[in-house]
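S.K.: Take a look at the letters that make up each chain.
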Amino acid sequence: MQYSHDTHNHTHEAHDHEEMGFWTKYVFSTDHKWIGIQYGITSLLFLLFGFVLMGLMRWQLAYPGTPIPVFGPILEKMLGSAAAGGVMSADLYNSFGAMHGTIMVFLGIVPLAFAAFGNYVVPLQIGAPDMTFPRLNMASYWLYFLGGVVMVISFFLPGGAAQSGWTSYSPLATIIPTQGQTWWLLGMVLLINSSLLGAVNFLATIIQLRAPGMTWMRLPFFVWAQFVTAFLLLLAFPPLEAAGVMQLMDKLFGCSFFLPTGLIISGKVADVSGGGSPLLWQHLFWFLAHPEVYVLILPAMGIVSEILCNNIRKPIWGYKSLVYSLFAIGFLSFIVWAHHMYMTGMGTAISTFFQTTTLIISIPSVIILTVFFITLWGGSIRFNTQMLFTLAFLVMFGIGGLTGLPLGFNFVDLFLHDSYYVIAHFHYIVAPGTIFALFAGVYYWFPKATGRYMCDFWGRVHFWCSLVFMNVVFFPMFTQGIAGMSRRMYDGGVNYSQAANKGLLGALPDSAIYSNVIISIGAWMLLLAQIPFIFNFFWSMRNGRKVESDNPWDATTLEWQTPTPPPHGNFAVEPTVYRGPYEYSVPGAVRDFIPQNEIDNKGKAKAPKS
Amino acid sequence: MEIPYTVKERKDTGLYNAKLGIWLFLASEVMLFGALFSAYILLRVGATPGTWPHGLLNVPLGTLNTIVLIVSSVTVVMAWASLKMNQFGKWRMYQAATLVCALIFLVIKSFEYHDKLTHYEVVTKEGDKHHVYDGHLVQEDKDKVVLHPSAHRLYTARAIALGFGPEPAGAHAPADHGAKGHAEKEALVTIQRSTIEHMENYGPKHHPYLAIYFTLTGLHALHVIGGALVMAFFFGPGAKMWKTDPERFTNRIEISGLFWHFVDLVWIFLFPVLYLL
Amino acid sequence: MSLKSFHIVFMLATLALSLFLTVWAYQEFARTQVTSYLAAAICAAVTSLAVLVYGRFFLKKLKHISYQ
Ligand code: HEM
Ligand SMILES: [Cu+2]
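Line order of the protein sequences matches chains C, P and U. By my numbering, the letter at position 459 of the first sequence is numbered 459, and the numbering carries on one by one without gaps. In my numbering, each number is its position in the second sequence, counted from 1, plus 610. In my numbering, each number is its position in the third sequence, counted from 1, plus 887.
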């Protein structure tokens, strides 16, 4: 901790110091805030990367088999025959699709929502000097980084990156002859270990390092959300690691964990012992991946509750219902996984069980959303950029959640499974849902991290364009899916549209095919709509309007009671907490907010219930 | 900047940080091994009836290894208790004993692995008749392979398809194939290379049972190695901390002991499941 | 839960294992009539007792160390 006294305004005389300090301060830092920023920037880059992959795929879907303008030749140069003539080959399409899913989920959203925001904000909000295990924290980031590097390198292997979807179902994933899947598995093992370290660290931090007076029911909802998320990661990821190890054994040592007896590959009986079970992979995968979808959404809900209260200047309506719903979701999310497997023929009894639990889990989700909406009631809303994103989140998440319900009934799902309807369902939750919440979080906490505001005008441009194009992209997918368009089709369904009789059970209607063009244009526009954000983000770091105080949004939680940006160790004096997290507009108070660490004017008055 | 509760416990939780950390980590480990155990169950339930092997592993050796691990967990806890009672010398003794146990365990385990990797199933075709031979490799050269038939074997899909399944299908169980039968146990079998159609050892590829056996015990062995390395560090250079910060050092020994106990506990489950049932 | 408590849990698991081993070895003996199985069963039974004795010793020796 020798360099912990370095401040931001280095002078050049201290050159020696700086040279040595650079590595410990900027690269192998153990400061939770810097690690959070490292996570944030890396994961934003991965989000962009994953989005670009999809941007390229959307050309193939809209105009199948034609060369991609501008980028086609570049792809051909980088990847060779996979993009011969600038046309995306089927193999390339598959591997971009698989990597789009993997990158968005495991390298983009989770690291941003959990690791980046969690790292930066959680210790500040509970009044801790740092995370409990700072060096593990650093290791966690670097494992993540390494996992990302492995994934990126896999694009350049002969045969390209993994091709069997982010779900990597065996036997396909096992018997595919290229190396991409092996690298995918290695990358996943690194990422899983990274998030295990992170999860242990978050839990230990929240349990052990709460400041005096920060009782459980005074925790900001964001902290609660990260707490439950950490538990999900801790307990759901290891089975995927086990599954990954088994698939690696299958690939490297020729085992048959997931290969059935008598497997025939291209007309020949495979040289494997057989006796394995393809369903085993699906069970283990979804045992992780359903909790994982809540990992994607819960931190977003946490961010939303902070920004909501801050901008309507009212306490949350029903804080405790929120917390208990969170626990219900956390628990139930472990027993709904097989609703992704209705079509596998695992049996009606099992399907019925998972159908029931799936419907039960939607209750707490609805409670959370309802609580947010009721909180809005009678508030005087400040419409700044982060609030716009937050409000949009509520509606978009609502659409995504409600469209999940039909999928939960197995008789409906038999029709909708693996169609674009499913794609639309979860993208409504993750893209205009979670990602909007994450944008809101960036706009909200940016002044704390940098001491400057992001530009509000460009923020609004970013918001309205994103909102419009998100819906242009994802809404038509519902109708495509209902019309019967399957996901993961290289030609966007053109083949199926040419069958003889059109109609519900016949060929795809032309409108479904035509939607592909609209969606693609929407997607490219959405990509362009991110430019104001990127520009705003970097420009504001140096040139944004300076904040006037440490608490520019007049917020109550502890992260705003530190210097800006918070120094190493965070608080000048260990804070003591006297009240709940959302004391806005308390009757009789001098200001319309009372920070958690303030004993109010009259001494130690009891905090009113929130 | 100081992070609180690194050494002393926090009042309301009754834990110091690292103890909480290791327990959380162990919770995730439970899920890891739990998933592999459920894979074991699924594979076993899904196997063709009568083909799941029994008695393939060496029970006396396995029992010995179990005892070694149990003893090591006693020495681990005694090492920690010695530090608690301020007896550094005793601690050194117990810590060394633990490391020796870990080493013995790994050596025995590697003998068991070696035994499996030199055990072969050989499918031959002499004329138009298939034969399946099974036993440990004694000698191998350009034109012949010599096997020592083994009393315990398992039945692969390949052998079953050729009629060499667990229920001797009458015509296909003549004693001269050397595949089974106690009387034949001692005689060596010589096989001409030219007749061999397929030859495969009892590695993880051979059968789902072996796959899960190698995966589970391999992962367990990695845990043993990891734990032993950490404890060796505490025994060597890490022991300096006893002089400067004895309480923290004692905590470290407790943490490594908790991990070690978990690893031993996994073995207590692995042993009956893989060796006995 | 301290190492002391975990050790007790572990010893209970050991006890369960040695009891199981006793039953298993005896059943094998009944099935095959190979006497070494009988010897194994007896050894396992004795081990179960030994674990109990050890448990008493352990509790006494670590009386002053916390369970938490
Ligand atoms: C609110 C209650 C929800 C219900 C009832 C629900 C139900 C379902 C069902 C049944 C499926 C499987 C559809 C199929 O493959 O045929 C599904 C897919 C999916 N859901 Fe949800 N869901 C809900 C919320 C969420 C949330 C909060 C997320 C978080 C991001 C999410 C993300 C996903 C994803 C990623 C998939 C697709 C996985 C894939 O096949 O690639 N869902 N949902
Ligand atoms: Cu799900």
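One or more hints might be untrue.
Below, simulated DSSO-like cross-link-like pairs (lysine-lysine); rule was C-alpha separation at most 27 Å, straight line [said to hold, decoys possible]:
1. P:K618 with P:K700
2. C:K251 with P:K726
3. P:K735 with P:K621
4. P:K618 with P:K853
5. P:K621 with U:K950
6. P:K815 with P:K694
7. U:K947 with U:K891
8. C:K268 with P:K815
9. P:K621 with C:K320
10. P:K735 with U:K947
11. P:K700 with P:K850
12. P:K700 with U:K948
Restraint-style ranges between C-beta atoms, simulated for each label pair [what the hints assert, rightly or not]:
13. C:G345 with U:A937: 28 to 38 Å
14. P:Q802 with C:V149: 43 to 53 Å
15. P:T854 with U:A937: 37 to 47 Å
16. C:G267 with P:G665: 33 to 43 Å
17. U:F944 with P:F879: 19 to 29 Å
18. C:L414 with P:R654: 23 to 33 Å
19. C:V149 with U:T919: 52 to 62 Å
20. C:G345 with P:A849: 55 to 65 Å
21. C:I265 with P:D855: 54 to 64 Å
If you are wondering where the hints come from, they were derived from the structure by calculation, not from laboratory data. We put the beta carbon where it would ideally sit given N, CA and C, even for glycine.
S.K.: Looking at the structure, which of the earlier hints fail to hold?
M.R.: Numbers 3, 6, 10 and 13 - these are the hints that the structure violates, sorted from lowest upward.
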